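Engineer: Chains A and B supply the protein sequences, listed in that same order. Heads up, the first sequence is in our numbering, so the first residue is 16 and it goes up one at a time. Heads up, the second sequence is in our numbering, so the first residue is -17 and it goes up one at a time.
Calculated Cβ distances over 10 Å to all of chain B for the following chain A residues:
| # | residue |
| --- | --- |
| 1 | 51 |
| 2 | 65 |
| 3 | 67 |
| 4 | 74 |
| 5 | 88 |
| 6 | 98 |
| 7 | 131 |
| 8 | 161 |
Here are the simulated PhoX-like pairs of lysine-lysine, each with C-alpha atoms no more than 20 Å apart in a straight line:
| # | chain 1 | residue 1 | chain 2 | residue 2 |
| --- | --- | --- | --- | --- |
| 9 | B | 164 | B | 139 |
| 10 | B | 95 | A | 118 |
| 11 | A | 150 | B | 95 |
Each pair of labels, with its calculated beta carbon distance range:
| # | chain 1 | residue 1 | chain 2 | residue 2 | range |
| --- | --- | --- | --- | --- | --- |
| 12 | B | 76 | A | 161 | 32 to 42 Å |
| 13 | A | 151 | B | 140 | 38 to 48 Å |
| 14 | B | 164 | A | 67 | 49 to 59 Å |
| 15 | A | 91 | B | 193 | 39 to 49 Å |
Just so you know, the hints here were simulated from the structure itself, not pulled from any lab data. In this text, all values refer to a predicted model and were calculated from it rather than measured experimentally. Ideal placement from N, C-alpha and C gives every residue a C-beta, glycine not left out.
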Amino acid sequence: MHSALVEYETPPVAGYGSGDHASELAESRTRVVEAPATRRTYIASSTMTTAEVSRAGLRITFNAEEFTAANRAWRRHICNLSAPASVDALTETVQSTVDFIGKFGPQLLDLSNLNPEKVHCEHLAALLRATSSLKKRVPGWSHALEVAKVAVNNAGQDIDDVLFGMSK
Amino acid sequence: MAFAPLNEDSFSEDQVAVAVRDGGFSGGHVGIGFFGKDGQPKVLHLAWHHRRRIDFIPEDIDGDCWIAQVLPVPPSAGKQIVAYLRVTSAENMLIPYGLDILAARGSFGVDGKYRPSSDSDGLTCATFVTEVFRGAEVQLLEEDTWPLTAANVEWGKVVHKELAHNQADPLHIAAVANNIEKGLRIRPFEVAGASDMGPNFWPVSFQDSQQPADAVEAALSGCCGAGNVKPAQEPSGEI
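Turn these sequences into a full structure, and let the hints guide you.
Structural biologist: Structure, rendered in structure tokens:
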């Protein structure tokens, strides 16, 4: 396969260091491409032109702008300690998470860099609950559960309530 | 807490409820109550083969005598589960009616779409409820403890016959036929009874679910009267 491609099946942060993956993707104008014959997906680097992608028999599945917008959507309430914890707000978090996974797959829902001091525990719990069946495919899911435990304590709430069914 | 007649005040916007009514055959019929994004209370249930329904309360359940009780989960978890239901129930889907309670585990994707294992022949109203809850990290039953019984085999034969009568896909009918002799069935009253026991007892074994199931059946009979059985043109709310 083309040397400017990075395997997408591995956690994508591996190829980009440990910084904020979303912003790095946006800055590098990276695209995720797919080989239709094999259905395997790759991250095409910024040095690879659209023409080169086409010549390699690949198709662009999404661009960085779409990714960044969707990535912001699921983080909107999770990364806002003042976010309302109403059912309506929690529904927004779950909906945007499901939409993200539907469009980009669980591998790009990167939960490995969440800061327990900056996350809203109930929104993160709602995301974790909704994605629990994909916990092995979402990068950082188990780490995020530990982050959520700290965040629950920080918020003075009860782990057995907020993380009911997930804390053990 | 006790099961009581279902109405728009049976649960709040932050709560999930388990709702039960009589079905076309013994064992009752079970569904999930919650408030949708539109602010309306509704019951989500699998009425029969390819008939997943979302009935509004009270208009769509007029004439059906349901009883319900709030699922006893902690408050924050309750809100999260409602959020999960609001998102995942939006998907319109055809769910086959089937017998294999073990292969049914993990039937729903993260988006709420029905994605059964290749071994699964479908869901009943009871396994529909347990699988929806499983998707939200609520495991009500210890399915491995459910026993093979002769009565379940007979029930499986009736289901098979009804599916054939309803002209279901021949491949599906054949898959159901292959599972009849497994003799497994989770009765809707067992799901409701287990839910009533609370988190400290979940997942509930077959043995432990029997007395609570009987209590739910008695509550339904007390609230709705015995023999409140729907006609079988929709092979009934639950078989």
